[in-house]
Amino acid sequence: MTHARTSTIDLAGRWLVLGLLLVYTIYNVGPIFWLLLSSFKSRMDLFTMPPKLFFTPDLSGYQSVFGVGAAKDSASAIGVFDSLVNSVIVSVAGTSLAVFFGTLAGYVCSRFNFIGKGDFMFFVLSTRMLPPVAVLVFYHLMFARLGLADTRFGLILVSIFANVGLATWIMKGFFDGVPKEVEQIAIVNGYTRMYAFTRLVLPMVKGGIAATAGFCFIFAWNEFAFASILTTTQAKTLPVKISAASGATGIEWTQICAAGVVLIIPVLIFFYLIRKHLLMGMTFGVLGRS
Amino acid sequence: MEHAFRKRLWTSAAAVSAVLAVSTASAHATDLTFVWHAGTCADALVDIAKDYPDKSVNIVPALVPYGPQWHDKIASEFAIQGDAFDFAMWDSQSTAEFAQHAVKLNDIFDKSDYLKADIFPPASLSRYGEFPDGSGEFFGLPANQDAYGLTYRKDLFEDPKEMEAFKAKYGRDLAVPQTYQEARDVAEFFTRPDQGLYGWAQMGGRDYDFATTASNSYLWSFGGELYNPDTMEVKGYLDSPASVDGVQAYVDMFKFGPPGSANWGFDEVNTAIQQGQVAMAMQWFYFNGSNADPKVSKFADKVGFAVLPGAVGRDGKFRRQFSVGGQGMGINKYSKKLPELTKFMEWYFQPEQQKRYAAVCQTGLKTVLESPDWQNLNSYNRQFSTALQYLNDYWHLPEYPVLLDELQQEISSAAAGTKTVQEALSAAAAKNERTLERAGYEIKRGDSTPEVPDQMISPVGVDAVVPVE
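Residue numbers (our numbering), protein chains in the order written: chain X, 1 to 290; chain D, 1 to 469.
Chain X on its own, in the form it takes in the complex (with noise of 0.2 Å):
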């Protein structure tokens, strides 16, 4: 009877625990399948109440967002061919020397003792301190006067200070994860530092490195506030260029929903090649300690 009863609670238990995850996902989710709905929408669909699971699909938000069809020679639609370019360019680029550069800091702070070291680790991080906001027009008389406005190499500069505090900080943490003893044994055995650094520490944190990858790889790929003043029309990216969707009707939500879509996909393949790596650096800490 005792063992019927536990069954019972177990059930109710594994039952619950399924309904969580059931409203988790949905959660998450949920937003994600709805701007997939809502990219297919005219407007006059999009705000119909009760709202509409079953409708015709417009496809005029996707012709804005690729400059296509009805869309082609209107200068307002989307049109995110030249932007998206912009965007993987900057992304790409901004995050992999923000890491490579953040790696080497990060290997340097965990490794060594130097002077100022608390106050070089306390700069690196401060960069993220500030609001954009605070440092806009400073960096846009700077990048005017060196000619780097509406350039992608000025993005990528932005992208780089923008992360390389953070990647540091990221990667001195895995670092520290790493027993000392692996570089002492290497060296011990004739070993330069730089071949104990490449050829065994670094294939030990490279979940570290994709994990810190990820995020400035979501940070440079949203960034908004810089790109939104320092490009006008060669260089802008992706989040600027979907943030002007308007038009007659006001705010052109079929479009910026289309936008969206676009917006998120390369996001997914990026974390979908890393994932492996991801998720090893996710747990890196946690299985150094046990």
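Hints may contain errors.
What the hints assert, rightly or not - Below, in silico cross-link-like pairs of lysine to any residue (SDA-like), each with a Cα-Cα straight-line distance of 20 Å or less:
#1 D:Lys295 with X:Met49
#2 D:Lys298 with X:Ile251
#3 D:Lys355 with D:Leu115
#4 D:Lys302 with X:Phe47
Unchecked claim - Here are some of the chain X residues that sit facing chain D, going by a computed Cβ distance under 8 Å:
#5 Ile9
#6 Ala144
#7 Tyr272
As the list claims (entries may be wrong) - Restraint-style ranges between C-beta atoms, simulated for each label pair:
#8 X:Phe224 with D:Ala439: 26 to 36 Å
#9 D:Val466 with X:Val85: 29 to 39 Å
#10 X:Met49 with D:Val466: 31 to 41 Å
#11 X:Val137 with D:Asp110: 28 to 38 Å
No wet-lab data here; the hints were simulated from the structure.
Only a predicted model underlies this, so the values are computations on that prediction, with no experimental measurement involved.
Idealized CB from N, CA, C, for every residue including glycine.
Use these hints to put chain D onto chain X, whose structure you have.
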């Protein structure tokens, strides 16, 4: 092994260098770049410019969203005296702020054979380009005029049953309201939440100028003023009894709006019109094209357009005043392409081009505005033409963005019900005066403040209600 690593390092470095090299964008010497908010009117400009005979000149749009980002894009470029754009469309009230960075157009008027001040209605040129007011110095051309208007459900207003029921309840005919007092009755009559129908929609949101373009229209119509431009006093004017009457009438109208409408911006108002959710709405003429478009609005064939009501103030005078919209076109004085810009504008403001523009937006060119073809082009151009004579505007001062933000904060608090109208206007008046004092203005305090400020600043009150079509 080490060799392989070095090789990979060099390959990576070469790849990054290649990306950086490719990423540097090139510039075109003959591009004339303009900043404007995206939309039909910007599309129209670009479309017309494709036919510009000088094919060595490209008109390049740098479009931004409507709202603060649009203002900030222009302001930040001017702040660094940059030439990332050559000309821009900015709100009428921003002329004062941007004039110091814009080309004074009087010089162009003097030299050009065609581009003269008299090709525009004097009031329009003054509204969109003159600074300081009355100085005769112009920094913007009336490129895209706009005004607040009234959109209403014709099917409801013309329904015999509704007409009969309204007359039985209020003792007068159901008609497009001429005063806000009448509008209140009509809005109350049509407010039927059980049928999903509400009487009135208007903007009340905190963003940009949403709440205050609407509330100012009431404030001025009831005889209030934002400040006294002669003495720079705000206290006693913005929070005068007449101003409080006006803003109170504005706040009261939210009772007849859909739930949550006190936070609405232009898009929510459009949606309410297009879904037939409201009997009347206060909305910019700019949006009438889409609200009359059956592809966008379920009620396209059922909406009518009219001039906004006025009000009978506490002094018994009738006034009809509402916010000006639209933008002036100004030239960036740091641009190095003034000759090309002047030539383009001489071509763009020709009647042929402006007729094309006026088919979708509201031109500022006199010959087009006066032509019967344009007035009869659709169901609202005639009303728009009438509306132009009742326009009023914010402060024409360089401190406009700060003054606006302060007033927005307080008016949206009143709309949300977190402050009384008197509290909100007194707080806004104190903040505005402090901003003006900090900017160096001398506040010349008078012995008394008027109950109805309009009487002593720019009197427009008349003894009887003057109806418009």
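Hint check results:
Our distance criterion of 20 Å between C-alpha atoms is met by D:Lys295 and X:Met49, whose separation comes to about 18 Å. Straight-line distance between C-alpha atoms of D:Lys298 and X:Ile251 comes to about 17 Å, which keeps the hinted pair within the 20 Å bound. Taking the CA atoms of D:Lys355 and D:Leu115, the gap is about 16 Å. The hint holds against a cut of 20 Å. Distance restraint check for D:Lys302 and X:Phe47: the Cα-Cα separation of roughly 18 Å lies within the 20 Å cut-off, and the hinted pair is therefore satisfied.
For X:Ile9, the interface hint is violated, the least distance from its beta-carbon to any beta-carbon of chain D being 44 Å, above 8 Å. The restraint placing X:Ala144 at the interface with chain D holds, with a minimum CB-CB distance near 5 Å, inside the 8 Å limit. The closest approach between the C-beta of X:Tyr272 and any C-beta of chain D is roughly 22 Å, which is over the 8 Å cut-off, so the hint fails. Checked against the hint of 26 to 36 Å, the pair X:Phe224 and D:Ala439 passes, with Cβ atoms roughly 31 Å apart.
Hint check: D:Val466 to X:Val85, Cβ distance near 58 Å, so the stated range 29 to 39 Å is violated. Restraint check, X:Met49 to D:Val466: a C-beta distance of roughly 40 Å satisfies the suggested window 31 to 41 Å. Restraint check, X:Val137 to D:Asp110: a C-beta distance of roughly 35 Å satisfies the suggested window 28 to 38 Å.
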